[in-house]
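Undergrad: Okay, here's what each chain looks like letter by letter:
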Amino acid sequence: MRFTRLMTSAAVASALAIPAIAQEIDRPECVAPAQPGGGFDLTCRIAQGGLEPVLKEPVQVRFMPGGIGAVAYNMFNTTRTDDPSAIVAFSTGSILNVVTGKYGAWTIDDARWVATAGADFGAVVVKADSPYGNLEQLMADLKADPSQVVLGAGGSVGSQDWIKAALLLDVVGGDVSKLRYVAFDGGGDAMAALLGGSIEVYTGDVGELASQLDAGTVRVLGVMSPERLPEPYADLPTTFEQGYEVDWTILRGFYMGKDVSDEDYNAWVAAFEQAYGTEHWAQTVQQLGVLPLNLAGEALEASVRERAERLHNLAAEAGLIQG
Amino acid sequence: MADRIFAGVLLLVTLAYAFIAFTAIQAPFQYDPLGPESWPRLLSVVAIGCILGILWRPDNDSLDVARTTWFRLAAILVLLVAYAELFEPLGFIISTFLFSAVVSAMLGARPARALLFGAAAGLLGYVVCVMLLDLNLPGGFLGELEWGVSAPETQTEPSTGGTN
Amino acid sequence: MAEVLAGLGTGFAVALDPFNLMLVLFGCFAGTLIGALPGIGPINGVAILLPIAYSLGFPPESALILLAGIYYGAEYGGRISSILLNVPGDAGAVMTTLDGNPMARRGEAGRALSLSAVASFIGGTIAVILMSFFGSLLAAFAVEFTPADYVALMVFAFASLASLVGKSTVKTLLGALIGLMLATIGIDASTGVERYTFGIPDILAGIDFLVVVVGLFGMAELLHLVEQQVTGQLKTLPVDKSFVRFKDLAVAKWTILRSSLIGFFIGVLPGTGASVASAVAYGTEKRLCDPEGRTFGTGDIRGLAAPEAANNGAAGGAMVPMLTLGIPGSGTTAILLGALLMFNVQPGPLMFEQRPEIAWGLIASMYIGNVALLVINLPLVGLFARLLTIPQHYLTPLIAILAFVGIYSIVGNPFDLLLITGLGVFGWFLRKLDFSLAPVILGFVLGSLFENNLRRALSISGGDWGILVADYKSIMLYVLALLVVVLPIWLSRRNRSTLAVSAEE
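Chains as they are written, first to last, in numbering that gives the first Met the number 0: chain H, 0 to 322; chain U, 0 to 163; chain V, 0 to 504.
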């Protein structure tokens, strides 16, 4: 909407500050491979808001819903392998899907991993008036009879949302096939189902919970992290401190097609690296409820590879893949 | 007859659909009593019933389309497929110019006017959609040229906003 | 109540600020244009313009007011191509084609456009009023809507669709089944299993709803136009200067009122939106006003007013769970939610206390937006109606261009362009063989909602089918479904017997 920009530029003159060095990326675009409102949306918003001072044009967010991100991964492996202007949001869940073959024959080497937006952690959430006051009570019930607790989340069986539920049951030695897990279409619907009482436990991510925590409508039984999170989540108990070693750290970041030239790839990496140091980036990340984690270029590539291997073992253990 | 042919084709497709539903779809893990296969199975059975009903009692004898009309329809279809295939490689402006000029000429516009209309549709369409509404349309090689020219302008826009 | 009025006072002070007022007007205008393109509706319009609103550096309330204006404008604009070209502008405008286009064909495009603008205005305004006064109450009700209740709602929706039966019952049923079967393509939402994708990555996620709509309606319409043009059955319409009359509004007033309410309540529920709302409203009205199926579908003004009032009611309703609970009820409100987050505003129960200027400013801007849209749209009616006076040999390629632009700019995948062409051919055959297309589309919309919620309900209950009738809400909906089917039969029988009586006299 260029003419709006012209029309109103006088009105907003003082509000915009353009830094001396700005990265040249033509019509930058962030693809959120999901319906709006979920984690990928959030990830792209971080790129949009956080990169704003270092890019000349604002990052557009586009949605490519469905197939738990498979469509985007496939598209960037078939038709848009060298698109220099688009980054695609991914999370640990996407790596899991690549590993378990949900994205077809493509492997993690078929993408160039650009940078992270931040980190998030799995959380076991119940409604504020739930009979479960702490994780121990829930775990006792799960151990006694997994089928008496209705769990739910925004992803299908085999997705990272489901893995969180499965890991929880696994740690008390329950049978994963006895789980009662309801798959919703995204975190928003799952949260509505939790508040409405359709499900008792929601295995979501900390980042999605900010508004509900502020309003006091939900209670977090445990954050799936070895250590307490920084503010504003410092009050939330962790799984580890309650004696259950369930860790689910979620990487949030961006990838590009594998045929993108080094030059274009480096422009994006540089843009992120430039943004990482700024107060504006830290603020954006915090505002959107994500915890800081800055990895770009080579460092991220290495981290993704290592995670993929760990997830491969995990998936094999859970029976999602053979071998 | 037309009804029967159409229903026959539909029956073949639905049988294939049912075959897949009854044999191939399977979940490694499932918690709901209805798996991913139950719903398609149900649909295919009802659909086959309906199709048999139409085969039994068709109500359309012919499509009532003259041979010349079929030619025209086939031609427009070919043009549409070509437009779709060339949309990205040629970019919006050129592909739209070609498509709309050819179609309007085919449908009876005078050649000069058809060309004019094509040019107007391509250029105006691009200006309105990309410049004004900021939609995502392929530039093609012409688009790159065009962006190259307009790039300085787009850059100065926000900075004039910033420094003034 | 006093609280609400005080809040509205704050809100109007914000929204009537000249700069914000200008933004509402501008947003409404741009939204109308975007909505008029087939394919691109409110969701994409807002998504595309969000980063620009952000980068302009407006204060949060101004940016949100601009986006809300676009959202509303796009919902208004969707009807334009439905009426004029028989190509739905977006998902919520499918039902608008059924009576809107026949009106335009008989030279009443102006009347159809202006009447639908008024119906949209009433639907939108009723929704905003209900939202201001009962918002949080309704939101609490909406989250209590369980998967089992959704199943009942789907049954109700299908029951009201029974009214769409055209020439042949079997063909209508088969049409709905084709839609349902198309909806099963893609990765299964509950187990992640691929169904009918044959390894084609472009349809892994299923076929996009907009692709189906634009293909089956838009491209099929284009083929139909070419066919008619070749056989010389097509004449360019003269400029028509018809306009909505007070008599029209008097005829349609109850339809508009009922449809606005239906639309609003369906819009409030997370997961269902303008498309379901307009379908249910149309079906219900047809059952009530025209049980014997004489006028609906041939350009009945009530058949046009119902879906338009409903889809704008739904657009307002969808804002309720987003503003009061922080849970988006539709794709578009999810984007608005994202926008709020970007401006460091946390939507939810506390927003009305913490940032009243934003919460109430947004609501007040909807009141103003509705008025603005009516004011903008009525004078434009004549201009839009002139579109039909374009000679066919230009109009036909224009439809293809509009459809291609609309579909391509959603995700930028050229495969979708081939898909709409293929679906267009299929739609043309269906039309030639007297299948009506509306049941196909509705089967497609309702299909995954129906299946997924049924399976969710059963996995919640652990396989006990009793859960489907365990709640008063479900039972109420089943009763309504039964009424919708039975009432018209009873009504028409009574009419016939009165006719018989009067004939005897």
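Hints may contain errors.
[Claimed, not checked] Computed footprint of chain U on chain V; a stretch qualifies when at least three of its residues, placed anywhere within it, have a C-beta under 8 Å from a C-beta of chain U:
#	region
1	19-27
2	171-180
3	244-254
4	271-281
[Unchecked claim] Beta-carbon label-pair distances, calculated as ranges:
#	chain 1	residue 1	chain 2	residue 2	range
5	V	THR388	U	ARG66	55 to 61 Å
6	H	ALA127	V	GLN353	14 to 20 Å
7	V	GLU143	U	ALA15	39 to 45 Å
8	V	LEU382	U	GLY107	24 to 30 Å
9	U	ALA119	H	THR248	51 to 57 Å
10	H	ASP213	V	ASP16	27 to 33 Å
11	H	ASP81	U	ARG66	43 to 49 Å
12	H	GLU240	V	GLY198	42 to 48 Å
13	H	THR248	V	PHE132	40 to 46 Å
14	H	ARG309	V	GLU143	49 to 55 Å
15	H	GLU240	V	ASP463	54 to 60 Å
[Said to hold, decoys possible] Here are a few chain V residues that face chain U, going by a calculated C-beta distance under 10 Å:
#	residue
16	ARG194
17	THR388
18	TYR471
19	MET475
Everything labelled a hint here was simulated from the structure, so no lab data went into it. All C-beta atoms, glycine included, are put in the ideal place defined by N, C-alpha and C.
Undergrad: Hint by hint, note whether the structure agrees.
TA: Structure-based check of each hint:
Judged by the Cβ-Cβ criterion of 8 Å, the region 19-27 of chain V is not covered by chain U as claimed, because only 0 of its residues qualify and three are needed. With 6 residues having a Cβ less than 8 Å from any Cβ of chain U, the region 171-180 of chain V passes the three-residue criterion, so the hint holds. With 0 residues having a beta carbon nearer than 8 Å to a beta carbon of chain U, the region 244-254 of chain V misses the requirement of three or more and the stated coverage is violated. Against chain U, the region 271-281 of chain V contributes 0 residues with a C-beta closer than 8 Å to a partner C-beta. That does not satisfy the three-residue criterion, and the hint is violated.
Distance hint check for THR388 (chain V) and ARG66 (chain U): the Cβ-Cβ separation is about 32 Å, which falls outside the suggested range of 55 to 61 Å. Remark: the range hint 14 to 20 Å for ALA127 (chain H) to GLN353 (chain V) is upheld by a beta-carbon distance near 19 Å. At roughly 42 Å, the beta carbons of GLU143 (chain V) and ALA15 (chain U) sit within the given window of 39 to 45 Å. Taking 24 to 30 Å as the suggested C-beta distance range, the pair LEU382 (chain V) and GLY107 (chain U) conforms, at roughly 26 Å.
In this structure the supplied range 51 to 57 Å holds for ALA119 (chain U) paired with THR248 (chain H), their Cβ-Cβ distance being about 56 Å. Distance hint check for ASP213 (chain H) and ASP16 (chain V): the Cβ-Cβ separation is about 28 Å, which falls inside the suggested range of 27 to 33 Å. A beta carbon spacing of about 46 Å between ASP81 (chain H) and ARG66 (chain U) agrees with the range 43 to 49 Å that was offered as a hint. Between GLU240 (chain H) and GLY198 (chain V) the C-beta distance comes to about 46 Å, which sits within the given range of 42 to 48 Å.
Between THR248 (chain H) and PHE132 (chain V) the beta carbon distance is about 45 Å. The supplied range of 40 to 46 Å therefore holds. ARG309 (chain H) and GLU143 (chain V) have their C-beta atoms about 40 Å apart, which leaves the hinted 49 to 55 Å range violated. Separation of GLU240 (chain H) from ASP463 (chain V) is about 38 Å and departs from the stated range, judged on CB atoms against 54 to 60 Å. A distance limit of 10 Å between C-beta atoms decides the matter here; for ARG194 (chain V) the minimum to chain U is near 6 Å, and the interface restraint holds.
Against a cut-off of 10 Å between C-beta atoms, the interface hint on THR388 (chain V) is violated, since the closest Cβ of chain U lies about 15 Å away. Of the supplied interface hints, the one on TYR471 (chain V) is violated, with its beta-carbon coming no nearer than about 24 Å to a beta-carbon of chain U, more than 10 Å. Proximity of MET475 (chain V) to chain U is violated relative to the hint, the smallest CB-CB distance being about 25 Å (cut-off 10 Å).
Against the hints set out earlier in the document, violations occur for numbers 1, 3, 4, 5, 14, 15, 17, 18, 19.
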